[in-house]
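Student: Chains A and B supply the protein sequences, listed in that same order. Here the first sequence is numbered in the working numbering, starting from 1 and rising by one per residue. Here the second sequence is numbered in the working numbering, starting from 209 and rising by one per residue.
Note that these hints are calculated values from the structure, not bench results. All clues given are correct.
Listed below are the simulated PhoX-like cross-link pairs for lysine-lysine, each with C-alpha atoms no more than 25 Å apart in a straight line: (1) A:K208 - B:K285; (2) B:K374 - A:K3; (3) B:K464 - A:K208; (4) A:K208 - B:K457; (5) B:K386 - B:K680.
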Amino acid sequence: MDKFTELTAIAAPMPTENIDTDQIIPARFLKTIQRTGLGKNAFAAQRYDADGNEKPDFVLNQEPYRHAEILITYDNLGCGSSREHAPWALLDFGIRCVIAPSFADIFFNNCFKNGILPIPLPREICDELMDDARQGSNSRLTVDLERQVIVRPNGETIAFEVDPFRRHMLLEGLDDIGQTMAHDAEISSFEHRPVRAWVPSITIGTVK
Amino acid sequence: MPVTTSPRTLFDKIWDDHVVERLEDGTCILYIDRHLVHEVTSPQAFEGLRLSGRRVRRPDATVAVVDHNVPTSDRSKPIEEPQSRLQIETLEKNVAEFGIPYFPLRSASQGIVHVVGPEQGISLPGMTIVCGDSHTSTHGALGSLAFGIGTSEVEHVLATQTILQKPAKNMRVSVEGKVGPGVTAKDIMLAIIGRIGTAGGTGHVIEFAGSAIRDLDMAGRMTLCNMSIEAGARAGLVAPDETTVAYVKGRPFAPKGEAFEQACEYWRSLASDEGAYFDTEVTLAAEEIIPSVTWGTSPQDVLPIDGFVPSPSDVADPARAAQIQRALDYMGLEAGQKIAGTPVDVVFIGSCTNSRLEDLRAAADVVRGRHVAEGVRAMIVPGSGLVKHAAEAEGLDKVFLDAGFEWREAGCSMCLGMNPDRLTPGQRCASTSNRNFEGRQGPDGRTHLCSPAMAAAAAVTGRLCDVRELVKETV
Ligand code: SF4
Chain A
1 MDKFTELTAI AAPMPTENID TDQIIPARFL KTIQRTGLGK NAFAAQRYDA DGNEKPDFVL
61 NQEPYRHAEI LITYDNLGCG SSREHAPWAL LDFGIRCVIA PSFADIFFNN CFKNGILPIP
121 LPREICDELM DDARQGSNSR LTVDLERQVI VRPNGETIAF EVDPFRRHML LEGLDDIGQT
181 MAHDAEISSF EHRPVRAWVP SITIGTVK
Chain B
209 MPVTTSPRTL FDKIWDDHVV ERLEDGTCIL YIDRHLVHEV TSPQAFEGLR LSGRRVRRPD
269 ATVAVVDHNV PTSDRSKPIE EPQSRLQIET LEKNVAEFGI PYFPLRSASQ GIVHVVGPEQ
329 GISLPGMTIV CGDSHTSTHG ALGSLAFGIG TSEVEHVLAT QTILQKPAKN MRVSVEGKVG
389 PGVTAKDIML AIIGRIGTAG GTGHVIEFAG SAIRDLDMAG RMTLCNMSIE AGARAGLVAP
449 DETTVAYVKG RPFAPKGEAF EQACEYWRSL ASDEGAYFDT EVTLAAEEII PSVTWGTSPQ
509 DVLPIDGFVP SPSDVADPAR AAQIQRALDY MGLEAGQKIA GTPVDVVFIG SCTNSRLEDL
569 RAAADVVRGR HVAEGVRAMI VPGSGLVKHA AEAEGLDKVF LDAGFEWREA GCSMCLGMNP
629 DRLTPGQRCA STSNRNFEGR QGPDGRTHLC SPAMAAAAAV TGRLCDVREL VKETV
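Kindly generate the complete structure, drawing on both the sequences and the hints.
Tutor: Following this line, the structure appears as structure tokens:
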């Protein structure tokens, strides 16, 4: 996973609540067996017309937002599916940070696991950042994970909270699995607790 | 395990019994009893294992099913869609390579993962259950802690049989009293989502309680828990009781003999203690719930069937007003119009929300002696091969076929536009599924969520209507 330390990039304004995972990547594009390549269909329904032409009024079709690496939205971003295709699509488009007043739980976690930093901030602050993002080529924000601040185009800084464990993993570009496997002995001893004696195993030949 | 003396909730108890280790920052390594795998969210996880040279820790706690992509028509032919075929073939290759038990497409037991798990006794009370699919919450009906995970977590569970998580907050939604005739678990759940909103359960696990919930059969409880995710919750659950035990007993993969007795004793100990603390409590009166449908493009856009579509001018918040306008435009509805009477093109009875035998019976009760309205395409898609078989044994297939319904093979079907069953642009569908997002059932398709009985009523009248009026006629 790519490390996330500091990002200075264009922020795109999407002043909408409840942007769901089906909007981020419509279900018909999910039939891939790889993680990459979904970016071109991110937000497909809003981004392209029926003939596949770009809709000029959609923000990510406009300059400079085609190059956005930060997305600012309103409440409940990423509601809907647990499918990780939504963060993969965002990442493949180039988004590394999403900012909203609130997020859907699973999407929030999936972002971290794929190297995207989700930042929840109060609605008033999102409104200010939304205004920053509307300033076209002047819509560059700096997200500094080390210091846990966002630097606005006018130089003002906004502090944000992030789970220390998640922060550490992002800063180092670490993968969860390796970390957990270090606890193998504890997992093995858990498996042998007597209270679990009733839990049946499923043998391969018995499923047909 | 610390001995806790303070009263605990059902969720607390299952959680505590699965914590392998609590890390410094409060994140827990949580042991997973059952991992259900399907073709859409697993290929990249297996790819990851291969790339890092890792194995599956507990193939005997893992079960794979194909459901999302499968055609629900003739299964004797090869799958036409090349990408669907690729996902299915990839799963078959992966389960063979990693030694994972698998229900193949042509198995008599194949079906939607959330129907198959409980039906086979693979999902059991008191367990932690995960699957790379948000509607894993369905299994919570058994009194298990079941939640959807993303593909990175699928890989994590395959490799370690655990996930990393912090405990959720506890929410209790109590529905007290008795529901009226024609009111189903789906209507109860739509009413709950209408009340708390699609973010109402964020960060929480919802325990459904109260006399109206206790009165539900397991199929109804599964409908309820299935849509917990539409209320924003991480999971939903119902405490195991005698209904649960009777349901589980004798299922193919349920414990047998002494192990079953030991299990039952454990399951009965899981109910929330008197005085357990809930961060959030919501109470609904069952008598006030009437058959409901959604009008918009979010599951919280719920209306009782005698209700009127909202208008942007009803709300002060401009963002919300714009959203209502957008939903009206998308759905092709007028502000202030009556929702009843809206003509439908398609009726879909199926999905992991409402495709069990009990759901099909409820639909058949409305359909019997009637015919699908002209110009309406109506389809029944049983949740599993076993549901289909059981329904046929009762003659339900005949009721539906005689009435002009399609009677199809098990799968996710028109719940999401991923297989050949999808809406064409502008088509309006009364659907028993769980999501009415834009394009969910096909690009520009319009979805009205409702119960199987309400969907059946829409099929025979050609319009969204109050099923109670039809049922009254036949009394
Ligand atoms: S029926 Fe629908 S909601 Fe259920 S698992 Fe299939 S696609 Fe997901």
